[in-house]
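By the numbering used here, the letter at position 12 of the sequence shown is numbered 30, and the numbering carries on one by one without gaps.
These are computed hints drawn from the structure, not numbers from a lab.
If you're wondering where the values come from, they're calculated on a predicted model, not measured in any experiment.
Wrong hints could be hidden among the right ones.
Pair by pair, the computed Cβ-Cβ distance ranges are [unchecked claim]:
| # | residue 1 | residue 2 | range |
| --- | --- | --- | --- |
| 1 | 164 | 84 | 20 to 28 Å |
| 2 | 152 | 21 | 47 to 55 Å |
| 3 | 96 | 159 | 15 to 23 Å |
| 4 | 124 | 61 | 27 to 35 Å |
| 5 | 92 | 61 | 17 to 25 Å |
| 6 | 89 | 165 | 24 to 32 Å |
| 7 | 94 | 123 | 28 to 36 Å |
C-beta: ideal position from N, C-alpha, C; glycine also.
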Amino acid sequence: MNKKKLISIIGLILLLIIVAYFQLDLNQPSANPQGTELAEDGYYSTPEDVALYIHTYGRLPANFITKSEAQELGWDNSKGNLWEVADQLSIGGDRFGNREGLLPDDPGRVWYECDVNYAGGYRGPERILFSNEGLIYYTDDHYESFTRLY
Numbered sequence: 019m020n021k022k023k024l025i026s027i028i029g030l031i032l033l034l035i036i037v038a039y040f041q042l043d044l045n046q047p048s049a050n051p052q053g054t055e056l057a058e059d060g061y062y063s064t065p066e067d068v069a070l071y072i073h074t075y076g077r078l079p080a081n082f083i084t085k086s087e088a089q090e091l092g093w094d095n096s097k098g099n100l101w102e103v104a105d106q107l108s109i110g111g112d113r114f115g116n117r118e119g120l121l122p123d124d125p126g127r128v129w130y131e132c133d134v135n136y137a138g139g140y141r142g143p144e145r146i147l148f149s150n151e152g153l154i155y156y157t158d159d160h161y162e163s164f165t166r167l168y
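Can you make the complete structure from the sequences, with help from the hints?
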């Protein structure tokens with residue numbers, strides 16, 4: 019192979035790399051599977067969005083408050099009045115005991131929970147469970163079974 023042909027091949031490879039870089043647009047923020055970006059200050063409720071938010075930012079979205087924070091505002095679980103005292107907020111951030119051992123256990127692992135698909139009134143059965151190590155699970159039957167999301 020002569021020198022001129024080798025330089026042409028190297029130039030073509032570099033050109034393909036540059037085109038691929040701009041086609042992939044690697045500088046864009048990460049997005050969920052539907053292609054919608056998750057704003058760091060956004061409010062999210064679906065299991066997919068909440069899980070992606072936790073995976074991306076390492077914490078719950080701003081629309082979650084713990085049970086004790088909600089109670090300080092006047093929430094009474096037996097009345098289902100969360101949105102009356104904390105409009106558009108959901109319960110999340112409390113520790114989850116994993117007493118039944120259905121989630122993977124490891125020394126030092128701490129589990130937290132949050133409600134998902136909450137639309138006011140009484141809390142439903144759907145939860146996201148997430149660990150201090152980045153594991154994220156979903157349950158739609160109030161802790162009877164789990165699906166790993168991350």
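Consistency of the hints with the structure:
1. Range check, residue 164 to residue 84: Cβ separation about 22 Å, and the 20 to 28 Å hint holds.
2. Here the CB-CB span from residue 152 to residue 21 is close to 51 Å, well matched to the stated 47 to 55 Å.
3. One distance hint, 15 to 23 Å for the beta-carbon pair residue 96 and residue 159, holds here, with the actual separation near 22 Å.
4. Roughly 32 Å separates the CB atoms of residue 124 and residue 61, a value that falls within the hinted 27 to 35 Å.
5. The given range of 17 to 25 Å is respected by residue 92 and residue 61, whose C-beta atoms sit roughly 21 Å from each other.
6. Under the hint 24 to 32 Å, the C-beta atoms of residue 89 and residue 165, about 30 Å apart, fit the expected range.
7. Between residue 94 and residue 123 the beta carbons are some 33 Å apart, a value that agrees with the proposed interval 28 to 36 Å.
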